[in-house]
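Chains as they are written, first to last, in this note's numbering: chain G, 115 to 420; chain W, 5 to 280.
It should be emphasised that the hints constitute simulated quantities derived from the structure, not laboratory data.
For each residue, glycine too, the CB sits at the ideal point set by N, CA and C.
Each hint should be verified, as a subset may be incorrect.
Label pairs and their calculated CB-CB ranges [to be verified]:
id, chain 1, residue 1, chain 2, residue 2, range
1, G, 185, W, 113, 20 to 26 Å
2, G, 185, W, 105, 55 to 61 Å
3, W, 241, G, 330, 51 to 57 Å
4, W, 91, G, 159, 28 to 34 Å
5, W, 171, G, 240, 53 to 59 Å
6, W, 24, G, 172, 43 to 49 Å
Not the full set, but computed from the structure, chain W residues with beta-carbon under 10 Å of chain G [claimed, not checked]:
id, residue
7, 107
8, 111
9, 113
10, 129
11, 138
12, 166
13, 169
14, 224
15, 225
16, 259
17, 271
Now the stretches of chain W that chain G is said to cover, found in silico as 3 or more residues with beta-carbon under 8 Å [unchecked claim]:
id, stretch
18, 209-218
19, 230-241
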Amino acid sequence: MLHYILRRLLAALPTLLGVSLVVFMMVRLLPGDPARIVAGLLASEADVERIRHQLGLDQPGPVQYAEFLGRLVHFDLGTSARSGQPVLNEVASRLPWTAELAATSIAIAALLGITAGLLAALHHNQRLDVAISTLMLFGISMPVYWFGLMLIVVFAIKLHWLPAAGSQDPGAWVLPTITLAAFSVALIARMTRSTMLEVLRADYVRTAHAKGLVDRAVVYGHALRNALLPVVTVVGHQFGTLLGGAVLTETVFGWPGMGQLLVDALFARDYPVVQGIVLTFSTLFILVNLAVDVLYGYIDPRIQYA
Amino acid sequence: MWLRFRRNRGAVVGLAVLVLFFAVALVAPLATTYNPEENHLEEALNDPTPAHWLGTDHLGRDILARLAYGARFSLVIGFAAVGLGLAVGLPLGAVSGFYGGWVDLLIQRVIDVLLSFPGFLLALALIALLGVGLDKVIIAVGLGVLPAFVRLVRASTLSISYRSYVEAARAFGQPGLLIIWRHVVPNVLGPVVIQATLGLGSTLLTAAGLGFLGLGVQGPTPEWGSMLGEGRQYIFSNPNLATFPGLAIFLTVLGFNLAGDGLRDALDPTADRRIA
């Protein structure tokens with residue numbers, strides 16, 4: 115098992131290198147002179163030269179990339195052009211907000227999504243199934259940011275039940291969590307429904323029925339356990355996606371997470387911060403997906419670690 | 005196939021919605037006399053009236069007119085992005101699956117990298133790389149749907165590249181690219197069309213998301229996402245500004261998803277038959 119995990123980690127290295135190359139190129143491909151952009155419009159020629167040297171931009175490309183990687187190994191993401199703070203500190207102060215929001219959302223999404231999908235499958239082609247399927251189709255078709263705004267209009271502006279923005283009191287968590295979870299609920303429900311329908315037609319389910327097991331035992335003991343295997347992958351993948359997808363939700367609710375920081379940094383052309391966030395998100399995403407793969411093998415004993 | 009598609013009520017509704025939006029996009033100049041980019045500050049932020057069915061925005065522009073013209077941009081972005089993903093993804097996937105070896109390895113690693121940016125972040129990262137604007141949005145969003153096409157085509161290619169007719173073509177000494185064109189491409193077309201239809205929905209959502217953040221098509225161009233983003237500032241006083249563009253995006257994406265689901269069921273009779 116440990117051997118397998120190590121091998122998977124090793125296999126993720128080329129991907130991580132690729133990601134780092136894309137992130138590295140981000141600043142290099144910009145139209146204009148990156149040193150000038152970082153220095154700002156009012157900087158003198160000498161300042162620009164100093165910054166160019168400071169950023170190592172006067173070195174050949176491959177050397178710059180090697181140095182960039184060297185710094186990454188030491189978790190040095192550079193310094194924010196706006197605040198002068200190390201990017202690592204800025205990311206570290208914002209990451210918990212995003213991670214907690216994404217974790218709460220995925221927990222709710224998994225619970226609701228699996229329940230809804232299961233109910234729909236068990237009432238296949240009946241009214242409940244049609245209602246759930248329609249609702250879930252709406253869920254994957256809605257722009258999340260619009261859904262969030264509509265929630266604000268209804269629950270914050272019209273009903274005054276919940277705050278429209280902020281992050282301090284517990285009520286402020288409700289709307290962002292629902293907004294972020296909505297798409298995943300729908301996706302997980304659709305996935306659960308279709309795998310469940312497939313599994314319910316499987317031979318071993320017929321056998322279980324034939325040998326006289328009660329419905330409950332067949333559904334929960336045999337069918338659901340098998341149907342949930344692919345769902346686990348989707349849930350894990352969605353968690354990673356929510357981390358990145360939080361950008362829009364955070365913007366709508368003024369949530370002080372990484373997404374908001376990323377958008378602010380993009381507008382301020384604070385490229386070290388943009389690079390740091392993109393790199394952090396992708397690394398987390400790769401690690402989460404890896405963890406899901408490992409977990410998958412753990413809950414499905416048929417998978418062998420060669 | 006059409007018969008099976010037609011029996012699916014949801015798919016027909018989806019198609020109808022799409023046809024409506026296409027029609028609106030086409031005849032936008034005839035359907036409305038308002039100029040979507042001309043400001044009338046004295047009429048700013050009006051509620052819906054007989055003259056302005058959906059009201060006016062913060063610069064006094066007719067929201068309905070902007071939505072109608074905006075349909076063009078949103079649909080163009082969607083189709084161009086999916087077209088780009090398809091045009092690049094189909095050959096890459098076919099070559100990757102057909103030839104295998106180091107070509108396959110290289111292509112798959114590149115796809116792995118694209119897939120390492122979670123969801124919306126890929127589009128954002130690419131916009132950070134490319135800058136804003138219509139063409140940039142199309143590239144950023146198109147690269148987002150690319151991996152799905154490559155993976156899909158590669159898997160289908162792998163599964164048919166050992167069929168006897170492909171082996172026969174190989175034995176005759178037909179060049180690889182010709183075999184791909186004659187035997188592989190027709191076989192993967194079905195799933196690719198379904199993927200493309202569903203992909204249109206997701207590209208629209210992503211592109212509008214960029215517009216919403218102000219990182220997509222720039223004003224005064226009436227793109228639905230940026231209209232929604234501008235309307236957000238007036239959410240407390242005039243929620244119409246954000247409601248209607250969002251509704252337009254929602255309905256269009258719903259149309260593509262319904263049509264895509266319907267296509268899948270019609271092309272693949274073994275898939276579970278959905279009603280909704």
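For the hint on residue 225 (chain W), just tell me whether its beta-carbon gets within less than 10 Å of chain G. violated, 18 Å
If you look at each residue in the stretch 209-218 of chain W, do at least three have a Cβ nearer than 8 Å to any Cβ of chain G? With 6 residues close enough to chain G, the hint holds.
Can we keep the residue 224 (chain W) interface hint, with Cβ of chain G closer than 10 Å? Nearest chain G Cβ about 19 Å off; hint violated.
Status of the hint placing residue 113 (chain W) at chain G (closest C-beta pair under 10 Å): holds, 6 Å
Given residue 271 (chain W) as an interface hint, is its Cβ closer than 10 Å to any Cβ of chain G? For residue 271 (chain W), the interface hint is violated, since the closest Cβ of chain G sits about 16 Å away, which is over 10 Å.
Taking 8 Å as the C-beta cutoff, is the stated coverage of the stretch 230-241 of chain W by chain G satisfied by three or more residues? holds (count 4)
Given a cut of 10 Å on the nearest C-beta pair, is the interface hint for residue 111 (chain W) held or broken against chain G? violated, 12 Å
Do the beta carbons of residue 241 (chain W) and residue 330 (chain G) sit within 51 to 57 Å of each other? holds, 54 Å
Taking the beta carbons of residue 185 (chain G) and residue 113 (chain W), is their distance inside 20 to 26 Å? holds, 24 Å
Does the nearest C-beta of chain G fall within a distance shorter than 10 Å of the C-beta of residue 138 (chain W)? Result: violated, 16 Å to nearest chain G Cβ.
Beta-carbon spacing of residue 91 (chain W) to residue 159 (chain G) - inside the hinted bounds 28 to 34 Å or not: This hint is violated: roughly 45 Å between Cβ atoms.
Report holds or violated for the interface hint on residue 129 (chain W), using the least CB-CB distance to chain G and a cut-off of 10 Å. holds, 5 Å
Taken one by one, the earlier hints fail for this structure at numbers 2, 4, 5, 6, 7, 8, 11, 12, 13, 14, 15 and 17, listed in ascending order.
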